[in-house]
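K.L.:
Protein chains in written order, with the working numbering: chain A, 1 to 663; chain B, 1 to 627; chain C, 1 to 156.
No lab work stands behind these hints, which were simulated from the structure alone. Incorrect hints may have been included.
Within a straight-line C-alpha distance of at most 25 Å, the following computed PhoX-like cross-link-like pairs (lysine-lysine) qualify [what the hints assert, rightly or not]: (1) B/K39 / A/K64; (2) C/K11 / B/K39; (3) C/K11 / B/K260; (4) C/K61 / B/K319; (5) C/K136 / B/K90; (6) A/K64 / A/K94; (7) A/K76 / B/K179; (8) B/K90 / A/K85; (9) B/K336 / C/K136; (10) B/K260 / C/K136; (11) A/K111 / A/K62; (12) A/K520 / A/K452.
Stretch by stretch, here's where chain A covers chain B in the computed footprint (C-beta under 8 Å, at least three residues) [as the list claims (entries may be wrong)]: (13) 212-222; (14) 286-292; (15) 463-473; (16) 480-494.
If you want a taste of the chain A side facing chain C, the calculated C-beta under 7 Å gives, among others [said to hold, decoys possible]: (17) N148; (18) Q151; (19) D156; (20) F157; (21) Y159; (22) G161; (23) Q165; (24) F170.
Quick caveat, the model's predicted, so the values are computed rather than measured. Note that the Cβ used here is the ideal one computed from N, Cα and C, for glycine as well.
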Amino acid sequence: MGESEMVKITIDGQETEVEDGTTIMKAADKLDIEIPSLCYHPRIGALGNCRLCVSEITKENKSKVVSSCNYPIRKKDEGLSVSTKSDTIIKTRKNVLEMMLSRWPNVPVIKYLAEEYGVQKPRYSHPLADESENACVLCGRCVNACKNIMQQNIIDFSYQGYRRQVVMPFDEMNPDCLGCGTCTYVCPTGAISLTDDPNNPADSELLKEVGLSHSLEIHTLDPKQNEMSTVGTTHLVPIMNEFDLLPVQNFRFGNHPGADNIGSKAYRKRFDSGFDGCWAGCPVACSHVVANFQPRTGPFSGQKVYVDGPEYETIAGCGSNLGIFNPDTITEINFYCDTYGIDTISFGTAMAFAMECYEMGQIDNKATGGLELRFGNEDAALEILHQMAKGEGFGKIVGQGIRNMKKLFVEKYDADPNILNDIGMEAKGLEYSEYVTKESLAQQGGYGLALKGPQHDEAWLIFLDMVHNLMPTFEQKAEALHWFPMFRTWFGLCGLCKLPWNDIVPEDNKTTPEPAKVMKHVEWYSKYFTAVTGRKTAPEDIITLSERVYNFQRLFNLRMGFGKREHDNVPYRSVGPVTVEEYESRQDRYDKELKEKVGIDPSGMSTKEKRDALRKYREAEYEKLKDAVYKRRGWNVQGMPTLEKIKELGIDFQEVLELLKKQ
Amino acid sequence: MTKITITDLKQISERNKSTSEKFKASLLVCAGTGCVANKAFIIRDALEKELKEKNLESDYRVIATGCNGFCAQGPLMLVSPEGTLYLNLKLDDVSTIVDEHLINGKPVQDLMYISPVDETRTPKMKDIQFFKQQQLIILRNRGAIDPEQIDDYIGRGGYQALAHALSEMKPNEILNEVKTSGIRGRGGGGFPTGIKWESCISSAKKTDVAPYLVCNADEGDPGAFMDRSIIEADPHSVIEGMAIGAYAIGAKEGFVYIRKEYPLALERLRKAIQQARDYGLLGQKIFDTDFSFDINIHQGAGAFVSGESSALMTAMEGKVGEPHSKYIHTVESGYKGLPTVLNNVETWANIPVIIEKGGKWFSKIGSGDVSESPWKGSSGTKVFSLVGDIANTGLVEVPMGITLEEIVNKIGGGVPEGRQCKAVQTGGPSGGCIPADLLNLPVDFDTLTQAGSMMGSGGLIVMDDSRCMVDVAKYFIDFLVEESCGKCTPCREGLVIIKTILARVTNGLGEPSDLEMLSDISETIKNASLCDLGGSAPNPALSTLKYFKDEYKAHIIDKKCPAGVCKALIQYTISKENCNGCGVCPKHCPEDAISGEKKELHTIDQSKCVKCGICREVCKFDAVEVE
Amino acid sequence: MKTDKVQSIIKKWNGDPNYAIEMLQDIQSEFRYIPKEVIEEISESTGIPRTQLYYLATFYKAFSLKPRGEHEIQVCTGTTCYVKGAFRILESLQRKCGLSDGETTDDLQYTLKYVRCLGCCSLAPVISLDDAIIGKAKSSTIEGLLARKVGEVDTK
């Protein structure tokens, strides 16, 4: 990916430098200069239809009026001066708004813009004036959204000139319409509505009402909050780094100066501006593509490929956790993992384990087939990945996962089993997701007590627990480890994405009693459920729905030999500092904990002694947490659902009873 | 048919010449659309029959040619090579010409051109004022060949330029000749052709693709028929020009986008392309070089907006021809997103001559000095369709820089019926009206633009003093309202609003503030529209406001239409002096609004009169008056 | 029958979506309108979206979604014809046939419409009856036109 050329221009007197091809609209946006538009929508791109976004460009004393949404600033425009507020521009916008207002006098978005520009009553009357409040203003967003986002041809323009209108052919219901609602979502006036939803919801009015509020909120707040629609989840990298939570070198550390190179700053430049959301109508659309990427290794070396990603987990797992801070290498690992069908989290965490074993001397370069498997060795990481896919060399061993590697390294290379168990970041056989949990007991439980293994989508409590200290008692932690996994399980049950729940939150969320739960959204979700199924559902009913399934899953684990207290154990690396070096990296914090919580005076103790004392304390705390959580979930001390619980949930089937009896 | 070589080309040319020398004369019957509408084919058939009956078939041959240009006097026949031109032919005239002229050797005086000045007859075409001041480059073969015979074209040196280009010149040298010529696009915009080609070559090189080449024959301007006539009269000149252009820019595939409403042109073009393919002048390895090129036709569905280049290219993909923003030019991203050179029919027809005679030769014709930059002048000639209130309507080709006065009064023979020229409208519907007192303006790209009009593709519509300029503006705006594609707000809504205001003015309901409002809205449409058509759409209003403000004021303040056109402001009456009670007007009046017995004064019942003007049209005694 | 004709038109243009306009032109001349089921059929056979075909069929004045008459009377309203009084002729014709622009007589014999320039400006004002062009037309003389049979307009 060659760096594009930069072009220097001025906008409203402010100098700026933009990449060749950037539109005036985007360049102005970066300078916080607002340009009005009716047809422009960031998801759809520039249409150039409404002509409200005009600006005046001047070069060598020649001025011209252009539309900002699609005028690309090219190398030839070096030194161009752009005015978004010249007299000509203001007058042009006023006149265009006056034309619109005369035709559609009651459409709110037009009235609003007209008011903003001081256009009152039009000087003339329009022969085709349409008094409707939700008249179609012919902006073309819906047509282009249908065509370019959904890749469908359901609606289009028809007729020429002032007769132009948006229709389905012959003004009849188009049988191919999926009812995706994308057009209704992008419409600025509400001119389109879903009349016949193929999903056949019980209460489509309620569904539309909640859906539109939700979409609108995301649309308005995402750009102000996390910009997921632009940078996806890469914004998490700098945040995690700041809070010491970004896994670095197999979870040894929580931050690194190189993190800046692999966060949103780096990927904002690399991501293609096109739409890559999971579902074409998605207003969050966090997924992004690196277009025309050229891998430097492997079977696609030198070719141009599209890479779907990378997201936060991939960046942390295949980047910082491996000591790699090169965004292009991370993109390449991402590309090959996708191509080979390998999970980036498992690959990253397993690779990190192998690297640490190599650095510690638990395995040597004979084992690795000559590869210098040190942290930060980008070529070696890629080589292992290719070997893994081919089923060759050391890659084949890493590919079997941490649980198998631990066994193999002990048997074959005489490695120390205790050390391997401490640093092998897996539980229930699954590799850890990419957050450092050492300083958050609740999150240790969030990982360790998750049914499928240490994966972040059951509970993510680090900020609540560690940063905001909102759950000091075991009971509070247990409550969280009940409610969150249940609520998140519900997303899985319904096939929904959880990002719209708590990655974009209402502006007043902080002032609510339980901000972490984002109760306003939970209420919306219960409304969604009511609207779709026709079963009146309150937020607490959602939890009950999940509880049945969640307990069933636990029982299933049990049947497969994984559902007891011992299976909820976690490697010590996820609980506290394994090595002296790790302890020292956060010495102040640990010393304080020993003094205040454990009741030991650390002064005069060696680091090793302090580390061991801390370990004893923290391991005991984790066990206490298990007890508390089991109790809240209605399980016995062995971590098995009790008979009462099973009866209460109505899942006391014969087979279930027999399974519990056997234990 | 087999592929021909460069040597064959010369032989065909010789053969064609010796064939024509075998005849005492060729009878060239104009079969342009105008003459065909006046029964030219019937005359041709009669002529052939007559020759056969009188056993003159081996002495004379009949050729139906493309448009001769002198449409006002059609049907026409030229006796070649001697050059006698017969006009306004009727079926009965055929035997007279054969007997008198061909058999007895006495040209028929009565069928020759009469000078309106001294009423003398002018036998030879070259001596008629209409033809005298023309300079033919583009129309070099008009009326001289059978457009359906490729050998006729070759006989007049056709395809020699292509042969020369492919065998003697490198693509770059062709580009240089075109650049030296200074030629600017004849489609209206006047963008220098050489610069356009050069940009296309460089963007094609950057992306390593073969560019496309397009000929715009979507002549959508009402009142213009240059491109149609060129294709009808000499389709091979366009094909040869495109092939040379393709060699210069490296194109492999070209298209002609032509209106389906031009059936004769379409048919001739289709035949010509097939003939060129049969001779191997299109297709693989032309003249056994590595150069391959072919042309396909796209039939346009007649929409004014489709003539805009980005719209045209969209229509060529089978989609509705709507324009796109052209901040990225079509030479970079045109047809199917690839670099594309688009020139109009007339531009392409110039190319073979530029290659044959050299860019320098071409650059000396016309106005300004283009030796440093093509922007500093307008080189070459331009074809105009000269129509409206003028004696000699027809198709003329004149050097750039000639004054409107010369075209209107000398070539066109002035405004007839003792009326005065009021304005000349140029540049198509979105051009402007140039008032009579500016007729001394030289006709070139930049002067016309400065005067608030534009060259456009070459329609010149002369209007006499019986035309109302507010009504003219309303006519053009009405046209543009219907033709606006509707994509962008200012053009779609703004034009409707201008139309409403103009309607108000012509209905006598205008207010003084309307003038200011008209120019204000026009300015916005001009500035903010998405494409050039929208950008120039308010010109009819702006140019008439600029030059004929008094006429607007008369409508608004005095509630009068000085030209007597706007129905709401006029009344038809019958003059006592002139009416002799002939009874014709009451018979024709569609509303039975005219009463009066024969031999008595007729009167019009104003409550019934719909002001259709038929009474005035049928009255032979100028008794119907407008006030 | 219809399907055969539609299929042969599609075949003529190789089913190439780039020639959608040409296909519709042929359909229009074959059926004198663009029937709904033909749009469906072209879409099915060529993959050209129905929306695109419908947009084309409504955008261009050459196409009609309603059957047009067997004969078409076109009044040229190009600039020259306008200058020479085309609208007077149009109004006379409209009065005479009782048709507005684009309308067709009940017996589907005649459609009256105005067009933008037939390119015979030197003969202005011009009207055309099917392929035949009638130059220097006058409102007072065209009245008899409708009464005459088409075949009698012998311009060829």
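K.L.:
Look at each hint and say if it fits the structure.
P.N.:
A quick look at each hint next to the structure:
1. Simply put, B/K39 and A/K64 have alpha-carbon atoms about 52 Å apart, too far for the 25 Å limit, and the pair is violated.
2. For the given pair, C/K11 sits about 36 Å from B/K39 by alpha-carbon distance, which is inconsistent with the 25 Å threshold.
3. Between C/K11 and B/K260 the CA atoms are separated by roughly 19 Å; this keeps the pair inside 25 Å, and the hint holds.
4. Between C/K61 and B/K319 the CA atoms are separated by roughly 15 Å; this keeps the pair inside 25 Å, and the hint holds.
5. At most 25 Å may separate the alpha-carbon atoms for a hinted pair to count; C/K136 and B/K90 meet this at roughly 16 Å.
6. For the proposed pair A/K64 and A/K94, the alpha carbon gap of about 18 Å is at most 25 Å, so the pair holds.
7. The straight-line distance between the Cα atoms of A/K76 and B/K179 is roughly 22 Å, inside the 25 Å bound, and the hint therefore holds.
8. Taking the CA atoms of B/K90 and A/K85, the gap is about 68 Å. The hint is violated against a cut of 25 Å.
9. Distance restraint check for B/K336 and C/K136: the Cα-Cα separation of roughly 44 Å exceeds the 25 Å cut-off, and the hinted pair is therefore not satisfied.
10. Restraint check for B/K260 and C/K136: the C-alpha separation of about 24 Å stays at or below 25 Å, so the hint holds.
11. For the suggested pair A/K111 and A/K62, the alpha carbons sit about 34 Å apart, so the restraint of at most 25 Å is broken.
12. Annotation: proposed proximity of A/K520 to A/K452 is violated, straight-line Cα distance about 29 Å (limit 25 Å).
13. For the region 212-222 of chain B, the stated coverage by chain A is violated: 0 residues have a C-beta nearer than 8 Å to a C-beta of that chain, whereas at least 3 were required.
14. Only residues whose beta carbon comes within less than 8 Å of a beta carbon in chain A count, and the region 286-292 of chain B has 0; fewer than three means the coverage is violated.
15. Note: the region 463-473 of chain B has 0 residues with beta-carbon separation from chain A under 8 Å; the three-residue rule is not met and the coverage is violated.
16. Counting residues of the region 480-494 of chain B whose beta-carbon sits less than 8 Å from any beta-carbon of chain A gives 13, enough to reach three: the coverage restraint holds.
17. Hint status for A/N148: violated, given a least beta-carbon distance of 13 Å to chain C, over 7 Å.
18. Look at A/Q151: its Cβ only gets to about 11 Å from chain C, farther than 7 Å, so that hint breaks.
19. Given hint, A/D156 at the interface with chain C, holds; its Cβ is 4 Å from that chain's nearest Cβ, closer than 7 Å.
20. Among the interface hints, the one on A/F157 holds; its C-beta lies about 6 Å from the nearest C-beta in chain C, closer than the 7 Å criterion.
21. The interface hint given for A/Y159 is met, as the beta carbon of that residue sits about 5 Å from the closest beta carbon of chain C, less than 7 Å.
22. Interface restraint check for A/G161: the shortest CB-CB distance to chain C comes to about 9 Å, outside 7 Å, so the restraint is violated.
23. The interface hint given for A/Q165 is broken, as the beta carbon of that residue sits about 9 Å from the closest beta carbon of chain C, more than 7 Å.
24. Using the Cβ-Cβ criterion of 7 Å, the hint placing A/F170 at the interface with chain C is satisfied: the shortest such distance is roughly 6 Å.
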